[in-house]
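Asks: Residues per chain, in single letters:
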Amino acid sequence: MSKAPDINTAEIRARYPDVFDRPASARLATPLMLVAALAIFVFGLVDLDFSPARLISGLGQLGWISMMMIPPDPGSSLPLYLKALGETLSIALLGTTLAALFALPVSLLAARNVVPNIVRFPIRRFLDSIRGVDTLIWALVWINVVGLGPFAGVLAIMVSDFGAFGKLFSEAIEGADQKQVEGIRASGGSALHEIRFGLMPQVLPVIAGQVLYFIESNTRSATIIGIVGAGGIGLQLAEQIRVLEWQKVSFLVLMILVAVAAIDFISGKLRFAIIGRRAVA
Amino acid sequence: MTIAVSILPEHQLAALNAVYRKAVARKRLRLLAGLALFVVALIVASIGADVRLRTFFSSFGNFVSYFDRILTLESGQRVWTNVGEWFWGWHKWLKLLGETLLISYVGTLIGAVFAFVLNFFAAENTSPAAWLRFTVRRLLEFARTVPGIVFALIFVIAFGLGPMAGVLAIAIHSTGALGKQFSEIVENVDMKPVEGIRSTGASWMSCMRFAIVPQVSASYVSYALLRFEVNVREASVMGLVGAGGIGQEFVVAIRNFYYSDVSAILVTIIVTVFIIDITTGWLRARLFGEEART
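Which chain is which? The protein sequence lines are A and B, in order. Start counting the first sequence at 1; every next residue gets the next number (full-length UniProt numbering). Start counting the second sequence at 1; every next residue gets the next number (full-length UniProt numbering).
Take these hints with a grain of salt, some might be off.
[As the list claims (entries may be wrong)] Heads up, simulated DSS-like pairs for lysine-lysine below, C-alpha to C-alpha not over 27 Å straight-line:
(1) A:K269 with B:K180
(2) A:K167 with B:K180
(3) A:K269 with B:K27
(4) B:K27 with A:K179
(5) B:K180 with B:K192
These aren't lab readings, by the way, just hints derived from the structure by calculation.
Use the sequences and the hints to build the structure in full.
Replies: The structure is reproduced here in structure tokens:
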């Protein structure tokens, strides 16, 4: 066995001062950040009225509620719930499709390689502000405009997805290969030809994948917006929670989980059929 | 300079053209069939969702005039001519906004801690037992599939009205979402350090602590910050079901038709979300920058 080489610690220390004697500021940075994070956390707990007593009694209540939820049972309202579920799926499908239709032309105006910065900047900010507002808030606004019901839900999903799609589509367009656009320009095509034959064939599969993905995630959003009165299964869920019909609540939650899983599965298959085995960007 | 392009003889060309047309026609037919199916689905959906085109067009006018109304003060002036009047409740709103931020901060932190504890059991390469992995994964899936606001609705009944219900709802949802992302990061780590540490006879705990955590901590922080950003939006609507934050004030304004308040609160929320987005973006860039240097 060979002898371990002689290690002159002092020499190594002298050679790499950064490793052995890190300045106090660098050594203290991480603990200080942790302490600050913890301090804000404790302040938050106090400010938000957390107390062990409330937590324990609440957990007891929660345990009792979960006991009441078993077994899930729709009572006699199963047909009503199935109809509501259909309504939710319709809201998701329609809202997402409308959003995609409106967002496509606008996303061209927000892409760096299509329009100059002076047009792009305000449109980007406009899309950002739409995205800054939650779907639920849009639902409340639309309920004020068109009244309670699923139609308000469709419009709410449409508006909030419009913001998201505008951004995603324009990023897809910016990521497209410019060589094909240049080819069209070289053969004498106009700006519209460039978009139609140079950009669209490249970005449409990506966009289709994104739209499908959003239909999937909007099934979830469509459940939520029912809670404020915009139709669908969320409306039933909120009502049953308010009247403390826990068996119906757990049944509705199960229904939502199954529906979301089914949509996940179907749209996953469709996505791969449309764009092949590539990942959705 | 001219380039001679050779053209195939007529009979060869005709055969190739026919094959090409057939291939294109099949593709086109499939596309058309898909589109037709989609349109049928849309029509069924619009009947199901009670959509009437007439209502849509008349309501679009309402939508525009709604924005006209929320941008008008009670005195009939435009809101921006009298900012003091527009933001008359800024003191109260800022306080509620602070509460919203705290809700999402505390909720994200609790969720991140739980996700941190659970994710090693959920990851393929570090989970000590298959049944444990299966259980933890299903738990995380449940926590992230049920929308946060549904948890909030139930928690408001169990824990009473107020921000505590909102915090717990956000914490549960974040546990589910972060747990999944964290475990995916763990599944992508380099396993050689783990083998090295295990070969010294270390326990599972030490393997996690000294081989996995140093590799993943930066990504964890980055994902947690991103989740915080998402949760600020989520927390802004928790008030709609009575779980604290600015949403409470917003729903009062919108239900009672306090038009200018609606726009004022919307503007505050949008500005806050912008500021948080920019700050966390900057913070993440800095954290990753530091990580790259050492």
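Asks: Would you list, in rising numerical order, the hints stated earlier that this structure does not obey?
Replies: none
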